[in-house]
Amino acid sequence: MSNLLVQDLVKQYSLEGKSFTVLDKLSFSVDSGDFLTILGPSGCGKTTLIRCICSIEEPTSGKILLDGKPISGIGPDRLMVFQDFNQLFPWKTVIENVIYPLKLNKVSGDIKTLTRRAEEFLDLVHLSAFKHAYPNQLSGGMRQRVAIARSLALNPKVLMMDEPFGALDAQTRSILQKELKSLWRKFQTTIIFITHNVQEAILLGSKVMVLSLSPAKIKYYKKNPLPEPRMPETPEFMALWHTLYDQLDTQRY
Amino acid sequence: MKKTALLLLTLLLGLSLFSCGKSVDKNRVVVAQQFGLGYAPVILMQELNLIEKYYPEAQVEWVRLGSGGAIREGMAGGNIDVGSMGVPPYLIAWAKGYDYKIISALCEMPLGLQTYHENVKTLKDIKPGMKIALPSPGSIQHILLSMAAAKELGNPKALDQNIIAMAHPDGVNALINQVEIDGHFTSPPYIFKELEQDNIHQVVNARDAFGGDFTFLVTAATGQLKKRNPELFNAVYKALEEAIIMLNENPEKTAEYVAPVLNLDRETYMKYITWEGVRFSTNPHGLLTFLDFMNEAGYVDRNTENVKDLLWETLDPAWAD
Amino acid sequence: MLKSEIRERRVTVITKVLFIFVLFFFWEYLPVWTGRDKLFPPLSRVLESLWQNLTTGELLQHIKFSLYLIFSGIGLGIILAFFLTAFCMISKTFARIMDVIVSIMHPLPGIALLPVVMLLVGLGAKAIIIIIIHSILWPLIVNSLAGFRAIPKIQLELGRNIGMSEFRLIWAVMIPNAFPYILSGLKIAWARSWRALVSAEMVFGASGVVGGLGWFIYKTRYFMDIESVFAGLISVIIIGMLVDEFLLKTLENKTVKKWGMSA
Numbered sequence: 001m002s003n004l005l006v007q008d009l010v011k012q013y014s015l016e017g018k019s020f021t022v023l024d025k026l027s028f029s030v031d032s033g034d035f036l037t038i039l040g041p042s043g044c045g046k047t048t049l050i051r052c053i054c055s056i057e058e059p060t061s062g063k064i065l066l067d068g069k070p071i072s073g074i075g076p077d078r079l080m081v082f083q084d085f086n087q088l089f090p091w092k093t094v095i096e097n098v099i100y101p102l103k104l105n106k107v108s109g110d111i112k113t114l115t116r117r118a119e120e121f122l123d124l125v126h127l128s129a130f131k132h133a134y135p136n137q138l139s140g141g142m143r144q145r146v147a148i149a150r151s152l153a154l155n156p157k158v159l160m161m162d163e164p165f166g167a168l169d170a171q172t173r174s175i176l177q178k179e180l181k182s183l184w185r186k187f188q189t190t191i192i193f194i195t196h197n198v199q200e201a202i203l204l205g206s207k208v209m210v211l212s213l214s215p216a217k218i219k220y221y222k223k224n225p226l227p228e229p230r231m232p233e234t235p236e237f238m239a240l241w242h243t244l245y246d247q248l249d250t251q252r253y
Numbered sequence: 254m255k256k257t258a259l260l261l262l263t264l265l266l267g268l269s270l271f272s273c274g275k276s277v278d279k280n281r282v283v284v285a286q287q288f289g290l291g292y293a294p295v296i297l298m299q300e301l302n303l304i305e306k307y308y309p310e311a312q313v314e315w316v317r318l319g320s321g322g323a324i325r326e327g328m329a330g331g332n333i334d335v336g337s338m339g340v341p342p343y344l345i346a347w348a349k350g351y352d353y354k355i356i357s358a359l360c361e362m363p364l365g366l367q368t369y370h371e372n373v374k375t376l377k378d379i380k381p382g383m384k385i386a387l388p389s390p391g392s393i394q395h396i397l398l399s400m401a402a403a404k405e406l407g408n409p410k411a412l413d414q415n416i417i418a419m420a421h422p423d424g425v426n427a428l429i430n431q432v433e434i435d436g437h438f439t440s441p442p443y444i445f446k447e448l449e450q451d452n453i454h455q456v457v458n459a460r461d462a463f464g465g466d467f468t469f470l471v472t473a474a475t476g477q478l479k480k481r482n483p484e485l486f487n488a489v490y491k492a493l494e495e496a497i498i499m500l501n502e503n504p505e506k507t508a509e510y511v512a513p514v515l516n517l518d519r520e521t522y523m524k525y526i527t528w529e530g531v532r533f534s535t536n537p538h539g540l541l542t543f544l545d546f547m548n549e550a551g552y553v554d555r556n557t558e559n560v561k562d563l564l565w566e567t568l569d570p571a572w573a574d
Numbered sequence: 575m576l577k578s579e580i581r582e583r584r585v586t587v588i589t590k591v592l593f594i595f596v597l598f599f600f601w602e603y604l605p606v607w608t609g610r611d612k613l614f615p616p617l618s619r620v621l622e623s624l625w626q627n628l629t630t631g632e633l634l635q636h637i638k639f640s641l642y643l644i645f646s647g648i649g650l651g652i653i654l655a656f657f658l659t660a661f662c663m664i665s666k667t668f669a670r671i672m673d674v675i676v677s678i679m680h681p682l683p684g685i686a687l688l689p690v691v692m693l694l695v696g697l698g699a700k701a702i703i704i705i706i707i708h709s710i711l712w713p714l715i716v717n718s719l720a721g722f723r724a725i726p727k728i729q730l731e732l733g734r735n736i737g738m739s740e741f742r743l744i745w746a747v748m749i750p751n752a753f754p755y756i757l758s759g760l761k762i763a764w765a766r767s768w769r770a771l772v773s774a775e776m777v778f779g780a781s782g783v784v785g786g787l788g789w790f791i792y793k794t795r796y797f798m799d800i801e802s803v804f805a806g807l808i809s810v811i812i813i814g815m816l817v818d819e820f821l822l823k824t825l826e827n828k829t830v831k832k833w834g835m836s837a
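Chains as they are written, first to last, in the numbering used here: chain U, 1 to 253; chain E, 254 to 574; chain X, 575 to 837.
Read the hints as simulated data drawn from the structure, not as lab findings. In this text, a Cβ means the ideal position worked out from N, Cα and C, and glycines have one as well. Check the hints yourself; a few may be wrong.
Each pair of labels, with its calculated beta carbon distance range [claimed, not checked]:
hint : chain 1 : residue 1 : chain 2 : residue 2 : range
1    : X       : E622      : E       : R317      : 32 to 42 Å
2    : U       : I111      : X       : V587      : 42 to 52 Å
3    : E       : V432      : X       : V777      : 11 to 21 Å
4    : X       : V777      : E       : D545      : 28 to 38 Å
Capping the alpha-carbon separation at 27 Å, the derived lysine-lysine pairs in DSSO-like fashion look like this [unchecked claim]:
hint : chain 1 : residue 1 : chain 2 : residue 2
5    : U       : K106      : X       : K823
6    : X       : K612      : U       : K92
7    : E       : K410      : X       : K638
8    : E       : K279      : X       : K612
9    : U       : K92       : X       : K823
10   : X       : K831      : X       : K727
11   : U       : K157      : X       : K727
12   : U       : K157      : U       : K217
13   : U       : K131      : X       : K727
14   : U       : K18       : X       : K666
15   : X       : K700      : U       : K103
16   : E       : K377      : X       : K700
17   : E       : K384      : X       : K638
18   : E       : K480      : X       : K612
19   : U       : K131      : X       : K831
20   : U       : K92       : X       : K761
21   : X       : K590      : E       : K255
22   : E       : K404      : E       : K377
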């Protein structure tokens, strides 16, 4: 059952009169409930790809279909979680940050129901105690959790994550990876997760994609063969790690 | 702690500078100058070096300040010894208890309120929001307006919300061009210029409002000067007296000295100085009437029935009122 | 809070209170000791005059008038600044023109403009309100524009992503994001306009119907009522401080500071 279909996607930028291609005729599909991790060297265009899917940017040509229909501009059916910690409204408390998008999108239910829904999701990311705090009182990891809770509460068809843990320390990162994985299992949300960390890609993804550098082409796109729980120390894990690592165009930058 | 002590010490030194009196040269006298036809005796005194004539060692320093208010403050602060001003401004300072009295009157002049509004014939026709320009609150123009208001409207402060402070020349310009203001209460030579216009007429004649003749400007001197150098003090009076006599007996001759200072040609100067109601005299009149009115209206709260209290011994109280 | 911090804070408070006492002591007695109390009235006489002027209602009337003028001016100024800023955001050409206008007008003190304004609209309340608007318009526009230009792109993308219309984006994302800048613009605007108001009345003797605090000071000066001059000055300081320290600082603490935002 195909959820998201990308067909011949091209994105060109013009810089100082010269146009150059970032995405070169990418075609792939993502099934409903997939957790796709996309690997690629810095600057390869993986962020551009999901920004196109999210309609933050317009593709130069090509099609993006969601449930068989062309996507219709930016909207809450395709949500983005950014790397930047500044993706909450600083003037709203944690719970207000979660409730506000629900109200905005007229998610059914009175304010009490919405509050309960928000509390539920905050509980899932272990932030119930901080619901009345303001974002600036939270650590970076906590803010990313709020952003995840806010997005999941809106029940998007696809959740895009642009290196959301990229700016966190190793320990927090590892905790958040586990939390995200269990949330994904619980809600079966389709997730497209960008990273340049090979280990993260293997740990999280049910499917893994590798993009090449300028222009981005799909070099590798396969189901993750490793069973759960995935342990980085196992030989299978190491083998996959090397395979993916070799696919990354590391010498190019 | 040491730093704080040092800082405080500096501060105290500064304060003591503020408090200690200036030691002044005995022969130095600071005289404030203003421009206007009424100050002609003072101008003459400066141009002809009359103070030096009666006291050759005198070192006369002339200062020019922006307003009568500033002159009064300068005198109160001990920076000016001799200053000329309208009668009410002098009385305000006297009522506040400052140590200065009238050394000589200067002149009587026609003052009045003019407007270009044809339908404004009396003060009753002045509507709220109409602006009457005069040099400053508490000036002789303001008090005369109050007197007229008391007579015509029954309340001396009836027009206080209509007044606007403006220097005479600006007021004349505004009135003639019919901008900014609706009326202008002023004195010579500005009043002459206004009355020469076809479309400007007088609403209040100061003589009527006052109920008779009155002194316009007086020269006041501080007690400090008198104490410091009585001869110099007397020289100032004699200089003024000579200037006033000359203005009365030989106005033609004064034109040479005064007209250029006032920026008037000889002919205009002569016309102005012989205008009806223009009189130069050392004897002040109307002081007590002004003082009574100002007390009644609440502008000051000190009164006297003895005109002597307002005058230095240079003037004979028998000739003053 | 650390112990040393508490101690530091206590010392600061004690120093300030002590200084004020010393200041008041000298204010009360130095004029008398030096025999200059007529020119520089001791504190008690100033307070007495302040009380008298307040109870007779005269000073209160002037204060009311000043506040009426300044809040009308500020209200109109904010509305005007809002539209001009909005036009700048919509049209690049307009923004460029505005840049030039702002750089010409911003450094010009309101009081310097008064003679021209008086020629155009006459004396009185209208002229003063225009001066107040002038004093607050440019700092507000400069700051608001800086604020809007400094909005993190991610906040706009986020707003659109969760389904905001462009119109909602303006007041639900852009204005709150620019608020720290707008607030600091307001602080500058307040200081400038309050000064402009008082000095316009004092320097030019331009009053409205009743006249504001500046006119009160101007008037009492000419009656050599030094105590009332000081009472007027104290009122100017107190109102300036009340608005600055209480209104604007409280607003800042309850918003920008609490949210951890900064301009």
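For each hint, the structure was consulted:
Separated by about 36 Å at the C-beta atoms, E622 (chain X) and R317 (chain E) satisfy the suggested range of 32 to 42 Å. A hinted range of 42 to 52 Å for the beta carbons of I111 (chain U) and V587 (chain X) is consistent with their spacing of about 44 Å. For the pair V432 (chain E) and V777 (chain X), the beta carbons lie near 19 Å from each other, so the given range of 11 to 21 Å is met. About 34 Å separates the C-beta atoms of V777 (chain X) and D545 (chain E), a value consistent with the hinted range of 28 to 38 Å.
Of the pairs offered as hints, the one joining K106 (chain U) and K823 (chain X) is violated, with about 37 Å between alpha carbons and a cut-off of 27 Å exceeded. With a C-alpha separation of about 57 Å, the suggested pairing of K612 (chain X) with K92 (chain U) is violated against the 27 Å cut-off. This hinted pair checks out: K410 (chain E) and K638 (chain X) have alpha carbons roughly 20 Å apart, not beyond 27 Å. For the proposed pair K279 (chain E) and K612 (chain X), the alpha carbon gap of about 25 Å is at most 27 Å, so the pair holds.
For the suggested pair K92 (chain U) and K823 (chain X), the alpha carbons sit about 20 Å apart, so the restraint of at most 27 Å is met. A hinted pair counts as satisfied when its Cα atoms are at most 27 Å apart, and K831 (chain X) with K727 (chain X) qualifies at roughly 22 Å. With a CA separation close to 24 Å, the supplied pair K157 (chain U) and K727 (chain X) stays within the 27 Å bound. For a cut-off of 27 Å, the pair hint linking K157 (chain U) to K217 (chain U) stands: about 25 Å separates their Cα positions.
Between K131 (chain U) and K727 (chain X), the direct Cα distance comes to roughly 26 Å. Compliance with the 27 Å bound is thereby established for this hinted pair. With a CA separation close to 25 Å, the supplied pair K18 (chain U) and K666 (chain X) stays within the 27 Å bound. Under the criterion of a C-alpha separation no larger than 27 Å, the hint pairing K700 (chain X) with K103 (chain U) is inconsistent with the structure, at around 46 Å. With a C-alpha separation of about 25 Å, the suggested pair K377 (chain E) and K700 (chain X) falls inside the 27 Å cut-off, and the hint holds.
For the proposed pair K384 (chain E) and K638 (chain X), the alpha carbon gap of about 21 Å is at most 27 Å, so the pair holds. Annotation: proposed proximity of K480 (chain E) to K612 (chain X) holds, straight-line Cα distance about 20 Å (limit 27 Å). A hinted pair counts as satisfied when its Cα atoms are at most 27 Å apart, and K131 (chain U) with K831 (chain X) qualifies at roughly 19 Å. The straight-line distance between the Cα atoms of K92 (chain U) and K761 (chain X) is roughly 24 Å, inside the 27 Å bound, and the hint therefore holds.
Straight-line distance between C-alpha atoms of K590 (chain X) and K255 (chain E) comes to about 18 Å, which keeps the hinted pair within the 27 Å bound. For the hint linking K404 (chain E) to K377 (chain E), the alpha-carbon distance of about 11 Å falls within 27 Å, and the restraint holds.
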